[in-house]
Amino acid sequence: MKNLLFFELYKIFRKWRSYIGFFAITALVLIIEFSIYYEGNKYPGYLTRNLSDSFYFTGNLLNGYLISYYVMMLLVIHIPFLLTLVAGDLLAGEATMGTYRMLVSRPVSRFRIVTVKFLAGQIYSLLMLLWLAFLCLGLGTALFGTGELIVMQDIITVFAANDVLWRFLPAYLLAVLSMGVVVSLAFLFSSLVENAIGPIIATMAVLIVFNILSVIEIDFFAALKPYLFTSYAQDWKLFFNAELDTAGIFKSAAVMLFHIVLFYSVTLFVFTKKDILS
Amino acid sequence: MSYFCTAILLNSVIRRKQILEKVIEINNLYKKFKKIMAVDDLNVNVYRGDVFGFLGPNGAGKSTTIRMLMTLIFPTSGSVKVFGMPLHQNRLAILARTGGIVEKPDLYNYMSARKNLEMLGSISGREIPKKRIDEVLELVGLTDRQKSRVKTFSFGMKQRLGIAQALVHDPELIILDEPTTGLDPQGMKEIRELIFFLSRVKKKTIFLSSHILSEVELVADRMIIIDKGKTVVEGYVKELLKTPRVRVDLDTDEPQRASDLIKNSLWNSTFEGVKENIISLNMEKNAIPELNRFLIQNSINVFGLTPKRSLEEYFLNITEKGAK
Numbered sequence: 001m002k003n004l005l006f007f008e009l010y011k012i013f014r015k016w017r018s019y020i021g022f023f024a025i026t027a028l029v030l031i032i033e034f035s036i037y038y039e040g041n042k043y044p045g046y047l048t049r050n051l052s053d054s055f056y057f058t059g060n061l062l063n064g065y066l067i068s069y070y071v072m073m074l075l076v077i078h079i080p081f082l083l084t085l086v087a088g089d090l091l092a093g094e095a096t097m098g099t100y101r102m103l104v105s106r107p108v109s110r111f112r113i114v115t116v117k118f119l120a121g122q123i124y125s126l127l128m129l130l131w132l133a134f135l136c137l138g139l140g141t142a143l144f145g146t147g148e149l150i151v152m153q154d155i156i157t158v159f160a161a162n163d164v165l166w167r168f169l170p171a172y173l174l175a176v177l178s179m180g181v182v183v184s185l186a187f188l189f190s191s192l193v194e195n196a197i198g199p200i201i202a203t204m205a206v207l208i209v210f211n212i213l214s215v216i217e218i219d220f221f222a223a224l225k226p227y228l229f230t231s232y233a234q235d236w237k238l239f240f241n242a243e244l245d246t247a248g249i250f251k252s253a254a255v256m257l258f259h260i261v262l263f264y265s266v267t268l269f270v271f272t273k274k275d276i277l278s
Numbered sequence: 001m002s003y004f005c006t007a008i009l010l011n012s013v014i015r016r017k018q019i020l021e022k023v024i025e026i027n028n029l030y031k032k033f034k035k036i037m038a039v040d041d042l043n044v045n046v047y048r049g050d051v052f053g054f055l056g057p058n059g060a061g062k063s064t065t066i067r068m069l070m071t072l073i074f075p076t077s078g079s080v081k082v083f084g085m086p087l088h089q090n091r092l093a094i095l096a097r098t099g100g101i102v103e104k105p106d107l108y109n110y111m112s113a114r115k116n117l118e119m120l121g122s123i124s125g126r127e128i129p130k131k132r133i134d135e136v137l138e139l140v141g142l143t144d145r146q147k148s149r150v151k152t153f154s155f156g157m158k159q160r161l162g163i164a165q166a167l168v169h170d171p172e173l174i175i176l177d178e179p180t181t182g183l184d185p186q187g188m189k190e191i192r193e194l195i196f197f198l199s200r201v202k203k204k205t206i207f208l209s210s211h212i213l214s215e216v217e218l219v220a221d222r223m224i225i226i227d228k229g230k231t232v233v234e235g236y237v238k239e240l241l242k243t244p245r246v247r248v249d250l251d252t253d254e255p256q257r258a259s260d261l262i263k264n265s266l267w268n269s270t271f272e273g274v275k276e277n278i279i280s281l282n283m284e285k286n287a288i289p290e291l292n293r294f295l296i297q298n299s300i301n302v303f304g305l306t307p308k309r310s311l312e313e314y315f316l317n318i319t320e321k322g323a324k
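Chains as they are written, first to last, in my numbering: chain A, 1 to 278; chain B, 1 to 324.
These aren't lab readings, by the way, just hints derived from the structure by calculation.
Note that the coordinates shown come from a computational prediction; the quantities given were computed from them, not determined experimentally.
Keep in mind that the hints are not guaranteed to be accurate.
[Unchecked claim] Reference listing, derived: stretches of chain B covered by chain A, where coverage requires no fewer than 3 residues with Cβ under 8 Å from a Cβ of chain A:
| id | region |
| --- | --- |
| 1 | 105-114 |
| 2 | 151-157 |
[Claimed, not checked] Restraint-style ranges between C-beta atoms, simulated for each label pair:
| id | chain 1 | residue 1 | chain 2 | residue 2 | range |
| --- | --- | --- | --- | --- | --- |
| 3 | A | Asn211 | B | Ser112 | 52 to 60 Å |
| 4 | B | Glu127 | A | Leu262 | 32 to 40 Å |
| 5 | A | Gly138 | B | Ser112 | 42 to 50 Å |
| 6 | A | Met73 | B | Ala93 | 49 to 57 Å |
| 7 | B | Glu127 | A | Ser109 | 32 to 40 Å |
| 8 | B | Tyr110 | A | Ile216 | 27 to 35 Å |
| 9 | A | Leu5 | B | Ser148 | 46 to 54 Å |
| 10 | A | Asp275 | B | Lys238 | 47 to 55 Å |
| 11 | B | Lys285 | A | Lys273 | 50 to 58 Å |
| 12 | A | Thr272 | B | Lys285 | 52 to 60 Å |
| 13 | B | Gln89 | A | Ala27 | 46 to 54 Å |
| 14 | A | Ser265 | B | Phe33 | 50 to 58 Å |
| 15 | A | Ala27 | B | Arg149 | 23 to 31 Å |
[Said to hold, decoys possible] Going by beta-carbon spacing under 8 Å, a handful of chain A positions derived as facing chain B:
| id | residue |
| --- | --- |
| 16 | Ser105 |
| 17 | Ile212 |
| 18 | Lys225 |
For every residue, glycine included, the Cβ atom is placed at its ideal position computed from N, Cα and C.
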């Protein structure tokens, strides 16, 4: 199992396409951070402009925490598209290259092959989010320092500097789950076909449709929303409520875990019954 | 003395057991893809130490059978035993003792030859020491290119690396699906020598599918010919080819006069026809020198009297009869 996992990770990181996501995130975060750095206090000014008549804001509002929150809000929607490039290739890529034949004729069970590839995909997704966390929290706080975090949701909440960092950790974990669902879906599609382009495009199509349905404010779609995994993609923000919505957090985690297990199980079923004809 | 006799007896029993031990036993195997019956009631027995030729025209079901042996596809019905064990119930144990290449030698192009072997070796059910990788690379003649990425390899080099990955975990049974495809004559000769080495020196059992029939004739002890998924004939190559009459091609600059001469002589019964100025004769092989003398005595310039490659002829006869 260990050798197989190492083999899978080695394969992932030997392909240049695996770095597209990392490069894109790095470029985007750096652009955002440096533009905010040079634009000065415009962004917190934008957040507080309606309140500045009634309140007086002091301290370092433009800090690494705010940048991290802001970047995460922007990118959590888009990172899944980058993940599909690798996750959609995990099984179908072997079929395209013709290497399925050598892999499956080794003394390794198909269960192990699927499980290890699935884990490799999830590890890749985790590493991408860790990289995002490093760029946001690490570079962000290095550039902008720390301070209070001002969060504007339904209400404006200002978190004390020492009350912020611990919220990011579970928020990232919930985001990992959200990415995990996308990886699992692309992985499932990858088991159905023999060309990696199909699963990548199919997953992107599902994400686009579900994302649109998740934000449309029409009653008919409102009934549908709880069943769309994309509706839970931004639930990491629940950790930045003034009062933690524990039930909401658990529900979100449970729904996403359910999707992950479901997609993985279907993939396992498909792959263990599959005739390797590539 | 009695110890010596017991040893001889024991050795004889072991040898006999080895000869009779079935490494592959396929019974009533079927594989259906939607409406196409790719393998239709196939029965095959391969014994320990065999170099077993697996022949058939394109689409005969050879690769489908090999895919089933390598557990890439599932049989529709029938039983496959390898090393005496049912294949699918003992898949891991069997594959740990089996190596093979199926169709094209597709490897990880972005890795080096050595890395491919290390990686595939690491999931072969046993520890593969570096020395073994060196040995296998040496065996297939890729030592000098071991660090090159596979994408820079020619087809022939990929084919050799494909064989190397089949051998890396030192399997007892080696399944080779058209291993000389795409190789030049020198490469084909090297593969043939490698098969001899593996069979005669390393005592491996080899299941060899090939469309280059003369190749099977040269290396195989036993063979099967299949067509449309069915067994056409199975047996020892020498036994199957033990036929006194062969087709002989006569090449001359006067095909018409030579044909007339043959048809109006005692050689009449050997005449089969003329195609593209080559006269086909069906005759006993040992009568060729006599025919040659007869033609020369009658002022016919003989450029060649060539017995057709026996297995090729045999193969075509068998499969054409099946088609009819």
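- Broken hints, by number: 2, 3, 5, 7, 8, 9, 10, 14, 17 and 18
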